[in-house]
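J.: These protein sequence lines map, in sequence, to chains H and P. Start counting the first sequence at 1; every next residue gets the next number (our numbering). Start counting the second sequence at 273; every next residue gets the next number (our numbering).
Any given hint might turn out to be false.
What the hints assert, rightly or not - DSS-like cross-link-like pairs, simulated, lysine-lysine; straight-line CA separation at most 30 Å: (1) P:K521 / H:K13; (2) H:K106 / P:K403; (3) H:K106 / P:K397.
Don't read these hints as lab results, they were simulated from the structure. Predicted model, so just to flag it, every value in this text is computed and none were measured.
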Amino acid sequence: MARFFHNLKELYKFRILIQNLVVRELKARYRGTVLGFLWSFFNPLLLMIVYTVVFGFIIRPRDPAFDQSPWLYALFLFCGILPWVWFSSSSLESANVLITHGNLIKKILFPAEILPVVTVTSNFVHFSFGLPILLLFILIFGKGYTAYVFLLPLVILVQYVFTLGFSLLIASLTVHFRDIKDILSNLLTFWFFATPIVYPMSFETIQGSSLLRTLLNVNPMTHIMQGYQNCLFFGSMLRWKRLGVTFLVALILFFIGAMVFNRLRDSFPEEV
Amino acid sequence: MNAIEVDRVSRIYQKYSARHRFQTFKSALVKGDLFRALKPDELVTALEDVSLNVEKGQTFGVIGENGSGKSTLLKVIAGIAKPTRGRVRTEGKVSALIELGAGFHPEISGRENIYINGIMLGLSKREINAKFDEIVAFAELEDFIDAPVKTYSSGMYMRLGFAIAINVNPDILLIDEVLAVGDASFVPKCLDRIDDFRRREKTILFVSHDLNTVAKICDDVAWLKGGRVQAVGDPKRIVDAYLQDVAEKQEKDFEKRRQEPARIQVEDKDRRENRWGKREIEINRVSMKSLEGKEKSVFSPDEGMVIEMDIAAPSRQQDFVFGIGLFNSQGISCYGTNTNLEDYEPISIEGEGKVVCRIERLGLVNGTYYLDVAAHKRDGYPYDYHRNLYSFLVSSSLRDEGIARLPHGWEFSENIKISPPKKGQAGRPLL
């Protein structure tokens, strides 16, 4: 436990380095592209268009929450997809990050835990580039805002801790078990559909089946996504208890992730 | 005071096989005992019970063959690898030049990379600002500093890496063979910088295969062999001992290869291309011996060599010449002669016999040499020609150059004060 807090303090000490590496990551990612950082926005937008066409126009939203309107449905989708992309790209990139930056770990005295932190943080920056555009869309096409939108940072904090814990775990385990990379990309597709992103929790088939409800409720991402949807789309109060428990789960995951990372740390220079 | 103390350090590397990996993954999932499952199935000992003390301000060299543990020692001192057993203590800021430009990102500019790399190596932004121009000037990259690093040549890349690392201004500098890739103008510049470090009483640990530089700049040298410290002490003495060990090993390797001429009779294809003639006179066996008659393959320049050829002529021949030729590794003929050139008149040969060529003193410089032997007619028609089939090594601690060591001595008038080579050091044949 003491070591855990010691490591947290270390992380704080390296904040300048983290900040610089995040900036480098962002600069390098879109270097040479015409649209530049706008891709942070276009990527989820294009994904949203695909889902809107399929679920909004072809299948049509049946839930009363959308008033039969594909546009409202598109906004609802965007509320979930934007943070989901943050989570899924962070974990996918974390699976690779220690291996692709192997020469840093092998050749320089470099605190390896910085790498997943940088990955999660730079994906967070992409997320926050997309966020104002989402807010603008909701203002124009949506039902308008309530004061609950100011609770958004709390939801973001829960997701940040959860994503970081998951990424630390994935990053350190992938060094030893490379299969995780492939398992993870499939798992994330499954996880995406097992989270109320393309459908709302209030959907009749879900409410009608206690099994489905339970399954969705044990998924921490469900409560995080519902947090976004409540703050932004429905303009309703967060469900404090559920989000609170999710935050606790996120903290535990972060603790486990950091512990596993620490235990495996000494083997990284040889294995990456 | 010691700047680096390495106290009985062992470092054991773990190797996992792919199959093992799968099994551990399975058992980790099934039993949930991840850490216990991660037991390696093979251990490699890179360092074993190594103890070293480097005083503050010393330039300390580490030599040894590939795989002797030099780089591991450096990584352990730098803190990149943890010692499996033992303890390392360092005094002051450590900077390790293990791989130059290790942290560069290819897509962003040299300027941005200087900042990021500098921060990684422990500089603050302000310190980098102050040293920025110096770094760029040292790396000679004024015109390219805003271009992405991926467009740099490997020389530019390396220069930038070195320039940043050396400007970190550490108390202890660890250098691992990084100068081996530099071009002719950059290496002296780096060595200048290292000299500058020495003058400022900083501690340097220098790992290199360049024994000349090691002997020149180091105050003390440690020789690692198989992960253990073989010897520590005066650079010249240690380098000589190391060279002698290498020469002995080469001798053993040659010993192994020397068995091969027997295989010529098997006539595998590659060999046949280096041997031609109808074998009216056949050279069955060639051996190289010392003047005392002991077979060997590593010679000192001052030694003599006896080349023995076992000859067989199934039928009587009246026109024949025996010859030898010595070639160095570049294929330059160092010496060649035959019985005809030396006016021996052939009369007749039949049955088995022996031809011996006795060279009283080899007089060649260090290097690998190839031996040609031949039996042919006076007009050049080959009976049996062996091209480059035999090799030997000339090895000594002297590093004179050229092809042959001409017999020579030095004389000085009395006003020139110069001391002769110490006994047992320069000029002493190694074998």
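J.: Does each hint fit the structure? Answer for all of them.
T.: Okay, the hints, checked on the actual structure:
1. P:K521 / H:K13: Measuring from Cα to Cα gives roughly 51 Å; hence the hint is violated.
2. H:K106 / P:K403: Satisfied, since the Cα-Cα distance of roughly 26 Å is no more than 30 Å.
3. H:K106 / P:K397: holds, 24 Å
Violated hint for the displayed structure: number 1, the only one.
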